Each structure stands twice: as C-alpha cells, then as structure tokens.
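Respectively, the protein sequence lines represent chains G and X. By the count of the numbering used here, the first sequence reaches residue 703 at its end, each step adding exactly one. By the count of the numbering used here, the second sequence reaches residue 154 at its end, each step adding exactly one.
A portion of the hints provided could be inaccurate.
Said to hold, decoys possible - Derived BS3-like pairs: lysine-lysine, alpha-carbon spacing no greater than 30 Å straight-line:
| id | chain 1 | residue 1 | chain 2 | residue 2 |
| --- | --- | --- | --- | --- |
| 1 | G | K382 | G | K557 |
| 2 | X | K86 | G | K670 |
| 3 | G | K404 | G | K557 |
| 4 | X | K68 | G | K674 |
| 5 | G | K394 | G | K479 |
| 6 | G | K674 | X | K92 |
| 7 | X | K68 | G | K586 |
| 8 | X | K86 | X | K130 |
| 9 | X | K15 | G | K586 |
| 10 | G | K346 | G | K404 |
| 11 | G | K670 | G | K346 |
| 12 | X | K86 | G | K586 |
| 13 | G | K457 | G | K382 |
| 14 | X | K92 | G | K680 |
| 15 | G | K674 | X | K130 |
| 16 | G | K557 | G | K479 |
| 17 | X | K68 | G | K670 |
| 18 | X | K92 | G | K586 |
Since the hints were derived computationally from the structure, they do not count as laboratory data. Only a predicted model underlies this, so the values are computations on that prediction, with no experimental measurement involved.
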Amino acid sequence: MDVSQYLDIFIDESKENLQNLNTQILELEQEPGNMDTINEIFRAAHTLKGMAGTMGYKRMQGLTHNMENVFSEVRNGTVKVNASIIDALFQCLDALDEYVSNIQATGDEGDNENSNIIKIFNDFLASKGESAPAAEAGEEKADKAEENKEAAPAGDDDHWRDIKYNDAQMGVIDKAKNEGKNVIGLTVYVQETCILKAARAFLVYKAMEELGEIIVSNPPAQDIEDEKFDLEFSLVVITDATPDQAIKAALNVSEIDRVAGGIVEVAAGEEAEAEAETAGTETAVAAPEEKKEAEPEKTTETSPAPAAAPSKAVEKKKPVVNRTVRVDIEKLDDLMNLVSELIIAKNSLVSAATTKGSGNNVNEQIEYLESVTTNLHESVMKVRMVPIESVVNKFPRMIRDLQKKLDKKMELYMSGEETELDRTVVDEIGDPLMHLLRNSADHGIESDVKLRKERGKPETGSIWLDAYQDGNNVVIEVKDDGNGIDIEAVKSKALEREVITPEQAENMSEQEIINLLFLPSFSTAKKVSDVSGRGVGLDVVKSKIESLSGEVDVKTKFGEGSKWTIRLPLTLAIIQSLMVKVGGEKYAVPLGNIQTIESVVPDEIKTVQGKEVINLRGNVIPIIRLNEVLGCESLRQENEDYVVVVCKKGDALAGLVIDELIGQQEIVIKSLGKYINKSKIISGATILGDGEVALIIDSNALI
Amino acid sequence: MNEIKSYSEAIQYIKILLGDEFFGVDIGIIDNIVRMQRITRVPNVAPYIKGVINLRGEIVPIMDLRLKMGLDEIEYSKATRIIIIKTESYGKIGLIVDAVKEVVALEDEQIEKVPYDSTEENHFVSGVGKLEGALISLLDIVTVLTDKQIKEEG
C-alpha cells in the first residue's frame with residue numbers, strides 16, 4: 001500500500017502524540033498513581049503504535065509496542081512505575097522522536113533498533129513485581145530485604161519471582177498451598193541459537209501441564225505463542241512435584257539453556273519458612289537493586305546519542321514534507337462565509353454599475369466591499385496564528401532533564417501558553433527560548449543550596465516562562481530567582497577579551513555592561529558545560545529575535561535573579577504604521593516603534609558633540625534628519641516647525657525629522673526581494689491604496 | 001501558431017533597443033513586459049537600481065539597463081519598456097530598456113560566440129546573432145545581474 005500521501009498527517013500526529021506523552025509522563029512522575037494519566041498515556045502510545053504500523057515503520061512500531069506493554073501492565077495494576085522506568089520512558093520518547101525526525105527528513109525511520117530501551121522495558125516488566133515495592137514501599141519489606149541480603153548470593157536468573165499476582169491468582173495459590181501442593185515459579189532460558197522459540201516454549205508449557213496447572217505466565221501465553229519474548233519466560237505452576245522435578249522436566253525440552261525455579265512465596269510474613277527454604281538457591285532483592293543503580297547511568301550515557309543523531313539527519317537532507325498549519329474548522333467557516341459575502345458584494349456591484357443612475361448605490365456597494373475585504377483579511381491572518389503552546393510544551397521536560405543533569409532542584413512555572421503568534425514566528429522562537437531557559441537553569445539558579453538559603457530563597461529554584469499579549473506585541477518573559485548577572489564579572493571579562501577599553505568601562509552604565517552579553521563570543525560561564533556556555537548563544541538569541549522584528553532585553557539584580565524579556569510583533573505580515581512624507585516620497589514607520597510625535601521650533605535644536613539633539617521634557621534625545629539618511633531633498637520651509645517622530649528602541653530614544661504626516665494606516669509588509677535587500681534602514685515595502693509602493697523605515701536600525 | 005512552430009528549432013529572443021544597438025534577451029527567462037510606470041526610489045543602493053515597482057501586488061526591483069551597461073541616462077519615452085525577468089536566485093527583476101522590437105528566432109549557426117573578456121565593455125554579451133544583415137548582441141542575464149560594476153567598487 002502506498003502510504004506516502006499520509007506522511008504529513010502521520011508526522012503531525014506523531015509529534016502531537018509524542019508531545020502528549022511527554023506531558024503525561026511528566027504528570028505521571030508527579031503522581032504515579034493517577035489512573036487518568038495512565039489511561040491517557042496508554043491511549044497515546046497505542047495510537048502511535050497503530051499509526052507507525054500502518055505506515056510500515058517497523059522499528060518505531062516495535063519500540064512503541066514495548067512501551068505500550070509497560071503501560072498495559074501499569075494500567076492493570078500489576079506493576080508500579082518508579083523513577084528508573086520514567087527515565088527509560090523519556091529515553092524511549094527521545095528515540096521515538098528521533099524516528100519521527102528521520103522520517104520527516106528522509107522518509108525513512110533509520111536503522112536504530114533501540115534494543116537497549118526495549119530491554120529496559122522487558123526487564124522492568126519481568127522484574128518490577130518485587131523490586132518496585134522493595135524500592136518504594138521500602139519499610140514494609142525492609143525486614144525481608146535484610147534477611148535476604150544476609151542469606152542470598154546475588155544472581156538474576158529468577159525472574160519468576162518478579163511476577164505479580166492479582167487477587168484471584170493469590171487465592172488460587174493460597175488454596176493450593178493449603179492443599180499441600182507446591183507452587184513453583186520457573187524462569188526458562190531458551191538457547192540464543194534457538195530458531196523456533198515459540199515451539200520450544202510450547203513444549204515447556206506442555207511438560208509443565210503434565211505436572212500440574214499453569215496459573216501465571218510472563219509474558220502472557222498469547223505473546224509466547226506469537227514469539228513475543230526475548231530469550232526467557234516465566235511460569236508459575238501448581239503441582240505435586242518438587243521444584244527440582246519441575247526444573248528437570250523443563251530441561252528435558254531441547255534447546256533450553258537453563259531453568260531457574262523455586263517455591264513461590266506470596267506474602268512476606270506468611271511465607272518466611274518457604275523463603276528460607278529457597279533462599280539458598282535463589283536470589284533476592286539485591287539483584288534488582290543493582291540493576292536500578294545501573295539504569296540511570298545508562299540513561300545519561302545514551303541520551304546524548306539520540307539527541308545528536310536527528311540533527312545530523314536533518315541537516316543532511318531536505319525535509320520530505322511541507323510545513324502545515326492546522327486550522328480550527330471555525331476559522332475556515334468564517335473564511336468561507338466571507339468569501340461568499342465577497343461574491344455577493346461583487347455581484348451587487350456589477351448590477352449597480354449596469355443599472356443607470358445609481359451613483360449612490362455604487363458607493364454603498366463599495367463600502368460594503370471594503371468591510372468584507374477588511375474582515376477577510378483579518379480572518380486569513382487569524383488562520384496563520386497558532387498558540388505558542390506547541391513550542392513551550394517541551395520545556396517542562398527539558399527542565400526536568402536539566403535538573404538531573406545539573407543536579408540542582410528547580411521548578412518551571414509557565415503561563416500564557418495559549419498566546420497566539422504567527423506560525424512563522426512560533427517556528428523560530430523555540431530555540432531562543434530554549435537557550436534562555438537553559439541559561440537560567442545553568443547559570444541562573446545557584447548550584448550551592450547553602451548560598452540560596454543565605455539569600456533567603458527556597459531550596460528549589462524557580463524559573464518562570466510567561467507569555468502575554470501587549471498591544472500589537474507579544475511579550476515572552478523568562479525569569480529566574482537565581483544568581484542574577486554579576487556585572488563586575490561581565491566587565492572584567494569584557495576587558496580581558498578587549499571588547500571594551502578601560503576608559504569605556506569606566507563610563508558604561510550597568511545596563512550597557514549587561515548588553516555586552518549579547519555580543520558574539522561572549523560567555524561568562526567559568527566552565528564550558530554541556531548545557532550552555534560555549535560562548536555562542538546570547539548573540540544568536542538576539543539576532544534570531546531581531547530577524548523576527550522583535551527585541552530582547554534583560555533586567556537583573558545580582559543575588560536576586562534576572563528577567564529576560566522578548567518582545568515580538570503579533571504578526572510579521574501586517575502592521576499598524578504611521579505614513580509620513582519625506583522629500584515628496586511616502587514612507588511608513590511602524591507604529592509600534594513610535595513613542596510620540598512632536599512639533600519642534602527650529603531654535604530648540606541644539607548641537608552637542610557635533611550631534612543634533614532636542615530637549616524633550618527633560619530628556620535629551622538625538623535627532624536624525626530622515627531626508628539626509630534617505631538621500632533626498634527636504635521640502636520643509638525655512639522657518640517652519642520641525643515635525644519629529646520620536647521612536648524608541650528598548651530604552652533608547654531618537655527623533656526622526658520628517659516633512660509631513662499623512663496618517664495612520666494598516667499596511668501589508670512585503671519583502672524588497674533579495675536583489676536589493678542590502679539597505680539596512682529599509683525593512684520592506686508596502687503597496688498603498690493607489691498601487692504606489694511605499695518603503696518601510698526600520699527605526700531600530702537608525703537608533 | 002504556425003509561426004511559433006517554424007521557430008521551434010531555434011531559440012527565441014526578444015529584440016530590444018538600447019542606445020543605437022540591438023540586444024537579444026532569451027524569451028525563456030522573460031516573465032512579462034510592462035510599460036514604464038511610477039518607480040519608488042530605494043535609498044542607498046547602486047545608481048543603476050532605479051527602485052521598486054508594484055507588479056500586481058508583488059514588489060519588483062527595477063534596474064536601468066542603460067546605466068548598468070555604461071550608457072548615458074536618457075528621459076523615458078513612450079517607447080520605454082520594463083522587461084520583467086524571472087531568476088532563480090533573486091526572484092523577479094525588471095530591466096528598463098529604450099524599446100522592445102520583436103521576437104526573433106536564432107539558430108545555432110546564426111550565433112557567433114564571443115570570448116569572455118571582463119575588461120571589454122561588452123562582457124554582458126554572450127554571443128552575437130546575425131539576422132538579415134543586422135547584428136543582435138545576446139545578453140548574458142546572469143552576468144548582468146551578478147556582475148558588480150567595476151567603477152562602483154573603485
């Protein structure tokens with residue numbers, strides 16, 4: 001079946017499901033017992049598996065299947081989640097993400113089997129029955145553990161011990177014991193060279209059934225029949241035979257490597273005797289514990305690899321799929337309605353034009369047409385808007401990982417995820433935000449808990465990510481209650497790198513020094529760490545945000561924390577602007593950059609250090625004569641007052657001298673094209689109502 | 001239709017007038033030919049870039065081919081046309097020419113290649129076509145667009 005036409009949908013939905021899984025598993029980590037979360041995870045994993053299977057991505061399907069198995073057991077209450085399995089799950093999500101990225105980049109899932117993750121899952125399923133309670137409800141079993149540690153040499157052949165029994169099975173076991181029968185647990189290892197594992201397993205089954213009754217099998221009988229097991233499976237048999245007899249019977253089947261077995265003890269207290277009996281030959285809690293220590297290590301070791309691989313793949317080949325926007329059906333309905341209105345308006349206009357003596361009617365129709373097109377325009381813009389949720393959703397997971405990596409306690413608080421931005425902006429904003437968050441986590445939050453206490457801050461560091469709309473802008477703030485920026489350190493670093501001269505350093509304000517951080521190759525991190533501090537970063541953040549017509553600044557107080565503020569235009573394509581005339585030419589100045597418009601008497605312009613300035617209500621601000629910058633003749637009369645448009649860039653102000661104001665207008669930004677895109681002060685062009693082109697002045701480039 | 005068919009063996013060129021010389025522009029890269037219209041000046045660009053125009057909602061930069069070729073600027077007349085060419089790397093670009101004449105078809109044997117010589121002023125020309133006794137210099141559009149003016153650099 002050719003499924004390539006579904007590739008787009010598959011990738012979109014897989015990403016959604018993966019994101020969902022990430023969020024849910026984070027929740028699960030907080031509340032391990034929440035059934036709603038577990039059900040939701042199971043559903044998402046199941047969908048993912050189904051989709052991967054349909055698309056023919058076998059490896060992805062296999063991995064998801066194993067993950068689903070874990071949750072299936074968790075849902076049934078047979079196993080409990082613990083920290084190590086959460087780590088493995090996240091690792092698995094990363095691996096799945098890698099598959100999806102590979103598919104997106106090349107159309108192929110790649111050849112990483114991720115068998116290590118699958119193995120962790122299987123081990124978990126096989127072992128969790130006992131090690132989870134041992135770890136989590138440690139008190140209950142503490143006695144038993146101690147007892148066992150003394151008695152038992154380690155060895156991990158006894159996976160049958162890890163089987164968890166439900167109430168019904170417990171009943172059966174109890175009953176059998178009362179009847180004086182042996183309840184024997186067996187773990188059978190098939191030889192690695194064995195070809196027909198399922199057939200061998202079947203023979204073992206048959207042999208056991210001859211001895212007694214099989215009450216539990218792990219994996220379930222159906223899976224064993226389908227050969228869905230590695231090299232081992234565990235059984236619990238109720239029989240009259242002794243464990244040794246049972247083991248012998250199983251070993252009689254050819255191609256069986258070895259069999260471990262013993263009497264099953266159900267509850268710790270009751271079965272102390274039985275345990276003592278088997279303890280000598282079998283293992284106890286020690287083995288799973290060892291395994292648990294090993295797992296987190298594995299996580300850290302292997303996680304960089306999947307992270308690095310997809311980026312390589314992405315760079316290598318062009319994505320095989322196009323970017324899409326998912327549109328709310330209501331928005332589309334709106335569009336459809338407007339288009340039909342547009343057609344009606346056109347028809348009315350046609351009929352009005354053909355009917356004689358209906359001058360008024362035509363005007364009326366034109367007005368109608370105008371309102372329809374304005375609405376249509378708004379609706380189309382709305383279609384491009386997506387909530388930033390899709391980007392910020394991955395951050396809780398990132399902070400969780402960083403917390404482990406950096407060994408610092410911290411918490412991420414997010415608000416305003418529903419804030420909408422243009423799709424193109426949302427796509428680009430992820431990296432800068434990630435960088436700022438990593439920065440806060442790595443350099444911001446103090447690693448020294450004592451220091452935090454001295455400063456009167458809670459042990460757990462807080463990082464906030466807040467987004468909200470502010471007029472025509474969207475503001476995203478990244479805030480932390482950490483160390484803040486050490487201005488002296490920045491200054492001495494700047495001197496050391498010869499970014500500034502000692503004289504300059506003397507005269508610089510704190511804010512100016514902080515802004516040095518945005519210069520290329522400037523990192524104050526004492527150690528180069530994996531997380532941040534390679535000296536690439538803040539300058540990239542800044543240039544990225546500026547390329548989105550936004551701005552970034554930082555406020556900080558040493559010892560108390562810092563706040564990074566990103567300000568972005570709501571949409572890139574349409575802005576409110578002030579139309580002005582300079583030397584007979586029309587220009588547009590984005591309204592968002594304008595602070596005030598002033599009328600200035602020629603005498604008020606003073607010259608300071610060769611630069612023209614005006615004193616505006618106590619603020620001395622430089623003025624820029626636009627006609628000089630733009631290279632045209634000013635049409636201003638000699639003694640006329642100057643019209644000065646005061647623009648702001650961050651905290652800096654500057655006055656642009658123009659000839660004449662035209663008015664406020666909503667303009668559609670168009671690119672000047674690559675061929676003449678060298679002019680820095682012109683950020684684009686727009687087409688006015690009469691078809692004329694007006695250039696858009698980037699006041700930020702002038703200040 | 002017949003006319004086009006008879007040309008199919010050869011490459012078609014638009015014959016344009018620039019000063020007192022005829023030039024040919026490969027018809028394949030031409031998007032459109034429009035009359036002279038209001039051009040919005042763009043500050044701080046090379047002198048031969050006259051500005052931008054609105055071509056059905058698209059902003060298209062306009063280059064004066066006379067200035068680019070080192071000819072004197074003349075006043076635009078009724079015959080002045082803007083040839084809109086489509087390029088892969090820059091999108092659409094308009095070239096102002098004195099007049100557009102007709103479509104000519106030139107076969108390979110009618111074209112004489114000229115060796116590339118960057119010092120000569122005719123280095124925008126990739127070949128010279130001979131048609132009914134007249135000469136048509138064939139413009140190498142890629143060089144016209146990418147070549148930096150030597151004077152400007154110095």
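Hint check against the structure, violated hint numbers in rising order: 1, 9, 10, 13, 15
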